[in-house]
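S.K.: Chain by chain, the residues run as shown.
Protein chains: 2
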Amino acid sequence: MRHYEDIVVGSKSSFGNYEVTREEVIEFARKFDPQPFHLDDEAAAQTHFGRLSASGWHTGAMAMRMMVDNMTANRQAGLGSPGIDELQWLKPVHPGDRLRIESEVLSKRRSQSRPEMGMFKARTTVLNQHDVAVMTMVSTGMIRVRNPEIAGG
Amino acid sequence: MRHYEDIVVGSKSSFGNYEVTREEVIEFARKFDPQPFHLDDEAAAQTHFGRLSASGWHTGAMAMRMMVDNMTANRQAGLGSPGIDELQWLKPVHPGDRLRIESEVLSKRRSQSRPEMGMFKARTTVLNQHDVAVMTMVSTGMIRVRNPEIAGG
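Each protein sequence line maps, in turn, to chains W and Y. Its first residue numbered 408, the first sequence is counted upward by one per residue in the working numbering. Its first residue numbered 408, the second sequence is counted upward by one per residue in the working numbering.
Simulated from the structure, these hints should not be mistaken for lab results. Please read these numbers as outputs of a predicted model, since none were measured by experiment. It is possible that some hints are incorrect.
Okay, the calculated beta carbon distance ranges per label pair [what the hints assert, rightly or not]:
id, chain 1, residue 1, chain 2, residue 2, range
1, W, G503, Y, L513, 31 to 39 Å
2, W, D447, Y, R553, 20 to 28 Å
3, Y, N477, W, A558, 46 to 54 Å
4, Y, D447, W, E430, 51 to 59 Å
5, Y, P489, W, E430, 20 to 28 Å
6, W, R553, Y, R409, 49 to 57 Å
7, Y, R437, W, R409, 35 to 43 Å
8, W, A558, Y, E523, 52 to 60 Å
Derived SDA-like pairs (lysine to any residue); straight-line CA-CA distance at most 20 Å [said to hold, decoys possible]:
id, chain 1, residue 1, chain 2, residue 2
9, W, K528, Y, T543
10, W, K515, Y, E493
11, W, K438, Y, N477
Even for Gly, the Cβ is constructed at its ideal location relative to N, Cα and C.
When you get a sec, could you build the whole thing from the sequences and use the hints?
M.R.: Here you go:
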């Protein structure tokens, strides 16, 4: 399994292929973000969105699915995240878009409070099929340390 | 309808009452964040989560629903958000928790590129039934300006 020690600062990865469907956009919005521009083309046309657009939280959730699938493929021992900085919703996401992720590890460090855990920061960009960045964020991930008894970062 | 001009910097609000259910936690996680601690009590017990916990993106989505319901109740002319800073997932969120929000407007300004839009920043905290903060963020909201022809902030 992939652990903290295997993370290389500066490494980049590219993965994911998420098809945004009208049904899923509306279903998510109905439940979690029922603003008109996330439910209806006509309402969205009254705004800068132009046409039906996914909730930003839905875009984040789609990104999370791609990241989890990638971690699973890499057998990465993830332990969740304490948070995110600089989350930006740059462009609308529309039904029919295909999303993918490019990610770069910015830094890593051992947890001071929990020796079995390490943290890393990654600049994560979600792009659509036109290679346009629709969302970006700096996410912090937590991951298991393979050999906690060995000190240092 | 509530517009940019009606926003008072420093104002605070308290709203929302979202019941976190086991079914919804698992359904969201299966679709968007299928990590073991978001699907299963036993797997979660192996981690700092302790027991089945909602995906952080699900907590954000539940918060968004409470915010949209509040905006609807206030007839607020929202136009989405360009992003979020300092999103922190502070404590696990478990089935059976009841979530609510406390929010404080930190600042506001007119959009330079779109005179019909204004932006505001709000410190938004999600609390559980024990008044423990489970999530916090500084969110930027966009809102219609009632009288765009009048300059100034």
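S.K.: Just pull the numbers of the violated hints for me, sorted ascending.
M.R.: 4 and 7
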